[in-house]
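A.B. asks: This is what each chain is made of:
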Amino acid sequence: MTANIRDVAERAGVSVGTVSNVLNHREKVSPDAVRRVREAIDALGYVRNDAARQLRVGRSSTVGLVVLDVRNPFFTDLARGAESEAARHGLSVILGNSDEDVQREAGYLDLFEEQRVRGILISPYREVGPHLRRLRERGTPTVLVDRRNEDEQFSSVSVDDELGGWLAADHLITTGRRRILFTGGPFDIRQIIDRRAGAQRAVDGADGVSFETVPTPAASVADGRATGEEIAARAAEERPDAVFAANDLIAMGVLQGLARHGIRVPEEIAIIGFDDIDFAAAAVVPLSSVRQPSQLMGETALRILLSEIADPDSDAQQVVFEPELIVRASTAPAA
Amino acid sequence: MARVGIREVAAHAGVAVGTVSHYLNHPDKVSAEKADRIRAAIETLGFVPSNAGRQLRLGISTVIGYIAPDVSNPYFAEIAESVERRASDFGVSVFLANSHRSKEREDAYLRVFEQHQVRGLIVSSHLPIEERLAAVRSRGTPSVLVGQAARSHDQASVSLDDVDGGRQAMEHLLSVGCRRIAFVGGPLGIPQVADRLAGASEAVSASGEVVTLEVINQPDRTIRGGRDVAAALLTRPADQRPNGVFAVNDLLALGMLQTLVAAGVRVPEELALVGYDDTEFSEASIIPLSTVRGRHEGFGVAVVDLLFDVMEDKATTSQHRVFKPELVARASTLGFVPR
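Residue numbers (my numbering), protein chains in the order written: chain A, 1 to 335; chain B, 1 to 339.
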């Protein structure tokens, strides 16, 4: 049987109004009454009904975070950053995994709104749509993470993906590679388009470098493995001498796919990924990558969200971090 | 901008507030013509029915919560994904929360989900949690404990036989010829760690061999934690180091592997290493990692189905499901050279 506010009042020997005052931290309650109410709450296991309270107060102490893929450590590291910053402000972060699906993304946005979350952090799939705009117009502060919004109506925290793509491809070219293959997808994701565009720019600026793209349906280890298998199935002279994968999960999959067929990395094919997740350094061949400051991005996004909650009319802020090239064995120059 | 309420919708549609309410809860009881006007008003004004309000009236939500100790660990992310996939078959969404192995955070999320009136909870924890879940259950939110077998009959759970898993890991190290073995993981008080160690110890006793089993208590069960343990081992003279290591999860094992290989220790020739969990990264690690596979295709399905049984109060006697783990032998142990 659930204890209600009347049970708490009765046990504490105070009025229902006094319990309510204690719960809402009003100052006019005597310390003795506060103590008695607290004890009654503990003894009865009373939980304040947030649904009812939210109807009155309007907002919960929760922030919603929608990520593209919960299995990508980049996003869980970002979530960790947001969570530790939220905890410092007495807020909780609830995570929804859109799994790169428009319907699921919309579903989470609706749920978060219905739950009256204080604000939303989201790494949107595809472009920022009317759904997200309406949500914000109706009063839920929203900050984009890992993604810059073209018209800058939303605040955002991102990494310069185009520059990151350029760094990766430029590194492959300066270590002597001439046949570069980009693999990743889906191409509805801005980050992937930008990383590829940066690589294309590096290739265009160099002489005699070819560039091909092998799209993948998603951005997982399994997708990378499929690309690796496809490369392995080609005649040796048709293979690239370097692969730039849109993220580290794909890169690790490519590595596995090539290794299964005895193709040597980096001697025959160099591989570079993106994100620099913890596992990159522990890969079968330690993986070169382009580092994003994932935890810092999460913390920063949460701080911007808090400032928008405090002042809904503040101007949108765009924070863009610089990516950093991390060189490991998987791109070592051929001896 | 002020939030649009049910009153504004009613005024815009030219109907009574009660009619809008009827429309929201029992659309079939409202005439088609009024329903059209209300729908148009809702669309124009951007009205969002408050789930909080609706839940108060209907007492039902379409959300379940999953609290995990560390979603950064691919093991839990993989469970989360399989849980989501199954939940979506039932038209239910999953909210994830990360407790960061802290009891305080765990309590906070239990409270948050209870206050949001989720229909049910899935909880992975390394802490004693059954009493807290019993309290939450008594207030109306059922749960399934994942990863540790519940002691109470009333607490549904889906777990792995970690004693058996620990035994298999140790038997494997013994079978390749390791005799100076270290168990790495902690704190030893948490059930998953204690059970794996118990299984490992049983295997040592049952072998009848002369074996030293050193327990290295490393409560930080992350890649970083593994690097630290390996760095400490490297300060010892080579003949004082273990020649077989059973790490209580793959993150620890992968961290150790990184540091050992970087320092020139040959794995598995000088030191054989076995982990636990078989995450997606274990096979692709610098030396493919031998491990104990806990992951099971049917795991997420079993968890969600059990939760639905419990929520609908039709859980039968089998409230506890225990999966059997399985040893996966790879290069990090095969090729050890006994000397």
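These aren't lab readings, by the way, just hints derived from the structure by calculation.
The model shown is predicted, which means the values in this text are computed figures rather than measured ones.
Some hints here could point you the wrong way.
[Unchecked claim] Listed next, with one range per pair, are the computed distances between beta-carbon atoms:
id : chain 1 : residue 1 : chain 2 : residue 2 : range
1  : B       : L45       : A       : R126      : 20 to 28 angstroms
2  : B       : G91       : A       : G129      : 49 to 57 angstroms
3  : A       : V327      : B       : P219      : 43 to 51 angstroms
[What the hints assert, rightly or not] Which residues of chain A face chain B? A few of them, derived with a C-beta cut under 7 angstroms, are:
id : residue
4  : V70
5  : L95
6  : Q103
7  : A106
8  : G107
9  : R179
10 : V209
11 : S210
12 : E230
13 : F279
14 : A283
15 : V284
16 : L296
Don't be surprised by glycine CBs; every beta carbon is placed ideally from N, CA and C.
A.B. asks: All hints, please: hold or fail.
C.D. replies: Going down the list of hints, with the structure as the test:
| no. | hint | in the structure |
| --- | --- | --- |
| 1 | B:L45 / A:R126: 20 to 28 angstroms | holds, 27 angstroms |
| 2 | B:G91 / A:G129: 49 to 57 angstroms | violated, 23 angstroms |
| 3 | A:V327 / B:P219: 43 to 51 angstroms | violated, 33 angstroms |
| 4 | V70 | holds, 5 angstroms |
| 5 | L95 | holds, 4 angstroms |
| 6 | Q103 | violated, 10 angstroms |
| 7 | A106 | violated, 11 angstroms |
| 8 | G107 | holds, 6 angstroms |
| 9 | R179 | violated, 24 angstroms |
| 10 | V209 | violated, 28 angstroms |
| 11 | S210 | violated, 28 angstroms |
| 12 | E230 | violated, 18 angstroms |
| 13 | F279 | holds, 4 angstroms |
| 14 | A283 | holds, 6 angstroms |
| 15 | V284 | holds, 5 angstroms |
| 16 | L296 | violated, 15 angstroms |
Checked against the numbered hints given earlier, this structure breaks hints 2, 3, 6, 7, 9, 10, 11, 12, 16; the rest are met.
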